[in-house]
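With the hints in hand, could you dock these two chains into one complex?
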Amino acid sequence: MIESLRESLHLYFKFIGIAIRSRLEYRSDFLVGTVGIIILNAVNLSLTWVMVSRFHVLAGWQFWEIVMLYGMWLLSHSIYAVFFWHLSTLEDDILHGRFDQYLVRPCSVLLQFLGREVNYMGVGDVFFATAAFSLAYRNLGLDWAAGQWIFFVVAVLSGTVIETCIAWIIGSLSFWIGRSRSVFWLSMRLKMLNQNYPIDVFGQGFRIFVTGFLPIAFMNYYPLTQLLGKPNALGIAALGFLSPVVAGILLALGSLVWRKGLAGYTSSGS
Amino acid sequence: MKVLYAFIRTAFHNAWIFRLDFWLITPGLFIMMYANYSLWAILYRQSPHAFGMDLERMTTYGVLGILLLPVMRSAMRIQYYIAEQVRLGTLELDLMKPLDFMFHMLSRSVGDLGVELLTRCVPGLVFTYLFLDFRPPISAQAGFAFLVSLALGYLVIFVLSFLMGMLSIVTLDIRSYSWAYHSLVRFASGQVVPLWMFPPALAAIAVALPFQAVYFVPMSIYVGAYEGSLQSALLSQAAWAVGLFLVARLCWECVQRRITIQGG
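If you're matching them up, the sequences are chains A and B in order.
FYI, the numbering for the first sequence is 0 to 269, going by numbering that gives the first Met the number 0.
FYI, the numbering for the second sequence is 0 to 263, going by numbering that gives the first Met the number 0.
Chain B on its own, in the form it takes in the complex (with noise of 0.2 Å):
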């Protein structure tokens, strides 16, 4: 928890230098967020029945997923810590701290979630629910269980970023995987258009990837759009969670052999 704290501490410390990020950044997101809601109003004018559930729940949904954009990213940025520290021969300083390394990492990304929900979240919500018709979740119930559904796509994007960071130990260069998955991550998880609009057979595939587990279950969950029970819902990210976790764990071991500090 000391740890934790810790870097929450220097997240903001180093948010405050760079503050004029603020200033920048989050208007961008609120631009970002009307043009998904009016994204969605629009083609709802155009065909209104294409959608099975009325026009504020949808909105909801597209402006959740930019939302929660900053919410993912402060995990996804993990890879590029990671492939920099490579890159800078840097990585033995990390490795030499009396601390677990995925546990220094996922602290490390928790502590930019804390600036992130700060920065970014809270003005982001004031947003969209002055000026966006943003719905509260369905039910309490949902409310709960999208906060319980969030915290696991986290785990689960954190762990799929620390792969891809792992990559970079063994590759030295992931700038181009890295599109490809930030791309992937966009398409597949439903952050930007929701599964249940997919034609049947891409659909079926993005169902049995991860990356629904990040946006999509939440979201869904969300606006009370998930078919089949919470439970099973939440059960299903939290065994990607896992698995996906004992994946990364054995890499990192795997990977830990074979890692050649570059002289400083």
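Next comes chain A alone, as it looks inside the complex (with noise of 0.2 Å):
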């Protein structure tokens, strides 16, 4: 078992070896791809900007606390764009019958295929996020202790899982649906009401679809009101530590859709 694992961990390490460097080959469209992504993500924030220059606060939280809320959940995000990003174009290959290449190889075909490719782009919410959570923090003028940072840092990996494996079990419906995209467009809308606004601000209907059925309200809301000591919008504190739990549901669920996606793929045939 820890053998297999390591030995996959070395072909994973391999493939993207490989990726990086026939992305390389390409460094001006990184340079591009990175300043697009900046631009994307400070027009998304003034958004916000303005939204708080008019209310002052929304729905009790401050400029920097969004920010910060943003920052977070970016950080979470980008670790996604940079290595699982391509999830949602398992369509393309499973329409254009490219998923069978996958299946002759004496290889775990998870394996290939998230060792395909690696995303420049995400480099630039990297930058971004680490400079709006900064800039957050500062300004909050916070003091965390070391507990305190360890769980932000495993909340931030809990919400990477979490977007994947949503990602995963969206890209994974492809063997039935065929097409996936417009789920994925709408997920990532979803995702921007929670990255761009604290939940309190939706309606309790809202909140409970975003903490109970698509969880990405895990990403970033609940564990920043528990380090920022705020009360959440559904009022349940135990709400602020499930982050990892959550991340493990998914994780679990994401395999079990995968496997049977894949027990029951008949190949387009193109």
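Calculated directly from the structure, the hints in this document are not laboratory data.
Positions of the beta carbon are idealized from the N, C-alpha and C atoms, including for glycine.
It is possible that some hints are incorrect.
To be clear about the criterion: a stretch of chain B counts as covered by chain A if any three or more of its residues have a C-beta under 8 Å from a C-beta of chain A, and this derived list gives those stretches [stated by the list, open to error]:
| no. | stretch |
| --- | --- |
| 1 | 17 to 31 |
| 2 | 40 to 50 |
| 3 | 230 to 242 |
Here it is as structure tokens:
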């Protein structure tokens, strides 16, 4: 078990190494892509700034607290974006019959698929997220103890797992429904709401939805209410600690859906 | 007209193949409408004087922004279509068709529009009307102006997205620009936050950009919040549509000459 895991990791990093080298062939692309991502985030955040400059506080959240919410979300997202973003293109491989090539090699299908690509654009997210987070940390005059930093790191990594697993599950849906692109589009729009605003500004129904059905509030909102000592929108304090648990559940769910999809896979034949 | 009809039929055909989409996306849009509705309702309760209009008109504006999303998205998808054709090297098949390329792209997006209207907007309208206090346009005249304005806004976003598609012929990958483009549209078009809430300096910039012609003008006409006459609103949109169309035409003529088809 341990042995095979080690071998898998070794292979994965080998794949990633190849992917990085092939990406480095397109240097100007990297630069333009990173600038594009930074613009995207700046524009997104200005939208929040417009709202706050109008209303001063949004449902009890000040500007820098919201920036921190954004930064924390983006930190989780950036790891996902670099290593797992191409889960959203799984449908193309399936629809165009390219998926078959993974099946004929004597190696885990998932490993091959995940190792196929790195998305350099996520690097722009890392820069922006770090900047936003540090600015917010200073402006809020925070001084976290070591325990809180550990909590923060665990929460960010759980956030990555949550977002990755959601993408994994949606991507696997294309084993059955063919196209999952619009589901991705929708989840992205919903994630955006969660990234830009504390969920206190939305109605109860929405809060429950992003807690229990599409648990994206665990990526930033719940752990951050814990760290900032704010009450959360559902008034259940324990939710602040649940991010790793949610990540674990999604991981199990994801692998279940993936296995089922893979077992029933029939090539599109093209 | 026959061409348009053919594209609409094809679009419905495609939608039928991926019909599970309907059951996933349409309820998802309901959730977004509800989120936007409650956002404005909660902020309104927090500071009722910051709006200058009654609550129902504000929430109607917010919900309308989501309701129009599928409409405008059908035109925005054209950039991905063009980028994909470029990537696969199948653009030549489109160039060989006995149809003007721009007209072909427009027909394609109008075909998609038909599907979006029927499968998203109609159910969405029923949902918002029943559950979210969705108001009709403030007057019959405003309603009519809204429809004209919406059509003009559609042309503007189509031409802008066509230009993004042209970019893919030049640079081969548009993913990162297109994300930046999407967020710019979201921000500067007033789709989420109306321009009258922007700080004055930002509002001045947004007014000077074409994006406000896409969402903000029709939406503010609908809720009766457009400052200035309806005629001038529609004229400015038409000016953007025509101006951008000429730019796109020019770009297309230039780009057409430098297309390289990657071997099949």
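Tested hints:
no. : hint       : in the structure
1   : 17 to 31   : holds (count 9)
2   : 40 to 50   : holds (count 6)
3   : 230 to 242 : violated (count 0)
Violated hint: 3 only; the structure is consistent with all others.
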